Amino acid sequence: MSEVEKLKQELKALNLEYAKIREVPAEKRGEFGRDLNAKKLAILDAIRQAEEAELNVAVEAIDITAPCGVNEKMPETFSVFQGSLHPLMTELDRVTKIYQLMGFDVVESRQLDDEFHMFDSLNFAKEHPARDGYDTFRTEEGFIPPAHTSTMQHRVLKMYREKLTRGEEIAVVVPGRVYRNEDVDATHEHTFYQCEGVYVSKTCTMGDMLGILREFFEKYYEQKLNIRTQPGYFPFTEPSLEFMIEKPKSLGGKKGDFLEMLGCGMIHPNVLKMAGIDPEVYHGFAWGGGIDRLVMLKYGLKDVRYFESGDLNFLSEFK
Amino acid sequence: MLISLNWLKKFVDIDVSNEELIRLIGARLVEVEGVIDETHKYDKIYVVKVESAKHIPDTHLTLCQINVGGRTDLPKVEYDENGLVQVMCGAPNVREGMLAVWIAPGAIVPASVHEDAPFVIGKRKMLGQYDSYGMLAGADELDFGDDHSGIAEIDPAMAQPGDAIADVLELNDLILEIENKSLTHRPDCFGMIGFAREVAGILGKKFVNNIEPLNNYKISDDIKIEIAQPEICPRYTAVVLEKHGELKKKYLTLQDTILAKSGMRPVDEIVDATNYLMLLTGQPLHAFDYDKFVAVGAAKTPRIVVRLARAGESLILLDGKEVSLNENDIVITSNDKPVALAGAMGGDSTKIDDSTKKIIIESATFSLYNLRETQMAHGIFSEAITRFTKGQPAYQTLMVAEMCTGMLADGYKVAGVSDLISVKMEESRVEVTSQEINQLLGTSYSEAQIIDTLENVGFRVKVHRDRLDITAPAWRTDIHIKEDIIEEIGRLNGYDNIVPTLPRHATAEKNRMLELKTKVRNVLSSFGANEVLTYSFVSERLLKKAGLEVSNSYRIVNSISPELQLIRQSLVPSLLEKAYINQKVPFGKFAIFEVNKVYQKDWGLNEEGVPVEKMRLGCVVAERKNVEGTAYYKAKFLAESLLEKLNIAVQFLPIQQLTVETLPFETKRAAAVWTLDGEYLGVVGEFKNSVRRNFKLAEYLAGFELDMDMILQKAADKSVINNNFAVKDRQDITITTLKNYADTLKELSEKYPNAVISPVGIYQPEGVQEKNITFHLEFH
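Protein chains in written order, with this note's numbering: chain A, 1 to 319; chain B, 320 to 1099.
Please keep in mind that the hints were generated in silico from the structure rather than gathered at the bench. Every value quoted in this text rests on a predicted model; they were computed, and no experiment measured them. Wrong hints could be hidden among the right ones.
Claimed, not checked - Here are the simulated lysine-lysine pairs, DSSO-like style, with alpha carbons at most 30 Å apart:
(1) A/Lys202 - A/Lys219
(2) A/Lys319 - B/Lys676
(3) B/Lys567 - B/Lys676
(4) A/Lys126 - B/Lys920
(5) B/Lys908 - B/Lys944
(6) A/Lys302 - B/Lys500
(7) B/Lys920 - A/Lys319
(8) B/Lys908 - B/Lys829
(9) B/Lys829 - A/Lys202
Unchecked claim - Chain A regions said to be covered by chain B (calculated; three or more residues, Cβ under 8 Å):
(10) 3-13
(11) 29-36
(12) 52-65
(13) 106-114
(14) 144-153
(15) 166-173
(16) 201-210
Unchecked claim - What the simulated footprint calls covered on chain B by chain A, stretch by stretch (three residues with Cβ under 8 Å from a Cβ of chain A suffice, anywhere in the stretch; the number is not a length):
(17) 663-677
(18) 748-761
(19) 976-989
Just so it is clear, CB atoms sit at the ideal spot from N, CA and C, and this is done for glycine as well.
All chains, please: the whole structure from these sequences, using the hints.
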């Protein structure tokens, strides 16, 4: 008798046990039932494993060192016309390359981080409601799949602060994947991409921040742009701004249509201090914006859910 | 939050167009999400006098003749010989001599303007014989609340027959929809006075508060107030009011329209007064029935104890719902018996009703942290708690309570005032120089301009040599450091006035991983593979289908669904799932790949104390109908060719050690990928039958998962070429052997050390043990 058959017999026997519940005193029936259910689940699991093992036994080994199968054609790639690149990755690449041309180092963001980097090091007061605003996920250990690429600010400040003492400046962008506990619909995804920027020097100003951001978007859209700002609030920048550009012609923009592109501001002195940089000597600015939206605007895409769908119908548009 | 521009204009003199004002508010104060245009909502609606009202027997109707003042040429209206218009009215309160609101024929009923089919009033024949023109409107039809008990009455002191209602009640208005999130740190702006102060500031004007504080209260402290922990309630003011007359509301007032335009509904005199003051000052108020309050506490006089709720306590709220209280909820208690969920909602047991003789007005501030949790735990999102969770300052509780008693003076007189301050209020002082301000902003504002900017919105500034000694006003609880002042200067004068500049700085370092990823993606897509992105979160079911240990995944405790509960350990299981989706479409054959990060608990934490992460390349090759032979060789070919493009030479060895990555693979038909110098890169191969069946995929299926960090270490730009590139001789050799391919090749290359050898094919006649392996050799 095979292992699976044996287990199935056991299961049959166990199923008969259920009838005995009537003989069990009422107050013990709950426990009795739970016990049986646990046993049943264990047997079902064992059956699944045994079946899998049987399925896997009959497999014939092959020469793994060979370039092709016996009496088979040599393998080939698929047609070059079939291949495609994910639009989010392509855009993220393009964005970081423009920043690189502008002199920014690139550090990729983590995908699992902790409370310290996500909040504490960014001047979020303990228990501050602003922390709730990020709708973070948490693991059992308290780790956080980061809700913004700012989770890397403290790291890059520390990583590059040596440059400041050499009289150079910190200029870094941080592309990466971020997560928010949000219900998914056509315009909301729990998983998306951002790009962060961090700049620190002795002399930099808010004017420099606006200049760099305008320069980036003019390079990105390959045209001159009008920019606008509005006051914002982030615990890790002071002052904080929302940065807008006039909708570019390539996106069918008309005069006076402004698009919110990112949040930005002068780095809060506490953030510099925590990274071991003296805020009396150095200033900085930082910004962060979404990549998904850039791609959606570019292609007139109406549903953000396609990005992580793995749907080849959609992806084949990006050959 | 909704802001009526007409109401705003009562507090600040505005000399720019509405369009410019809205732009400036957006650029210098807060995000304006939208503008509701009400400039025509009340067109063709007039104040009229009811000259005669004759009840029609056996109906609820009254036939009225109304005086429309000078409006003697309205279209679609017939006038009698006295110039009066006939209209039928069904309201019980219609009477001769009253001023009412008449919606003329052709006008839209205001409450219906936002409906799909707005209701246009016309002429109607009533009871088969009476022509009725237009309608006499109730407050609900005018969109000022839910009151449908009768028609609205207008105060004769305010208006005359024929006046447009829009003029009388200032209804030609624009309403701004404000994004609350962008004012999280500005509790003062959640009241019209605070908002108007900022508007004055951004227009470069000094704000003058035209609401005089009364300061007539005598603190009697005859109500006992106790606060269990100072930080949960920095200040609590309670005022007892005694009824001495009727607060009978007669007319439709400006206050009603302001409540309505701010998104609230007129309810009754007391609630309306507290709501109006909240909208005006940002300070929420609450009213308790005094006698009920005392009765609940079973004491002779009220004893208010503010404390945290205890486990097991519950409370029936004003809306009739019973809530079990959490230990973070702040409760107002009467002699220790909870009567209200502080800041969120009053309790049913102390509710004001028609028989109320005495009330207690509460004006207090609470810890925003606790209220934030209360809001989330009980799902209460009132206008009041929205303000409290921004951290209302404590300086004005007494003042606002006094304004409230002033508004209710016709019906109630003050019978006692208590005020407990548990956390001392301190002024915030900051020192900064003009130079520091200009240096950070990149501006050149003069000291005089900086001082003006600050004084316009209530800061006090003293100059000590080049330093400005700045004292923040009591309502600015957000000012702590000089950057806060710099923000004020930049914002109030307009960030748009800062000239964008480009700093000079050094060149960037190249990021090799980024370059590698770009190259890998480009090579694989040139092989006809499709790049996908899949979630970092996976289900237990997915891991089990792939044969992985669930316990090796970090587990999300607040996941959106069981499908997204675990952080993935490897890429291939997610790709198998996507392969199934696409195979079902159906796509005949494809390779999908992803470059992304994975986490395994077994890897532990890095030196920073966060989980070790690894960058991976995963790929799955699938075909619905097997025409291409053995899937393993296709996957191996793609992996090997890719690595060759990266100048990494590899060998394919039997899998000796099972790792997370190898678990879904069938070891008899999969290989470990090693560099020639002995570094492990990953796994390539076909999947176990069980895995294939679990994912419901067709037989032709293989894939690979490679370690991008190791590939990065090994990948190199090609620096050596064979300078003798001309091929001098070619030769095909077939070897008949029992050995495997690799060993056969090794022997051959030892024999021809100078040849470049490539495979041509492997042939095995039926019934024969040996294979014939054919190689192509090139000699340079």
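Tested hints:
no.	hint	in the structure
1	A/Lys202 - A/Lys219	26 Å, holds
2	A/Lys319 - B/Lys676	77 Å, violated
3	B/Lys567 - B/Lys676	15 Å, holds
4	A/Lys126 - B/Lys920	28 Å, holds
5	B/Lys908 - B/Lys944	8 Å, holds
6	A/Lys302 - B/Lys500	25 Å, holds
7	B/Lys920 - A/Lys319	37 Å, violated
8	B/Lys908 - B/Lys829	37 Å, violated
9	B/Lys829 - A/Lys202	24 Å, holds
10	3-13	violated (count 0)
11	29-36	violated (count 0)
12	52-65	holds (count 12)
13	106-114	holds (count 8)
14	144-153	violated (count 1)
15	166-173	holds (count 3)
16	201-210	holds (count 8)
17	663-677	violated (count 0)
18	748-761	holds (count 4)
19	976-989	holds (count 4)
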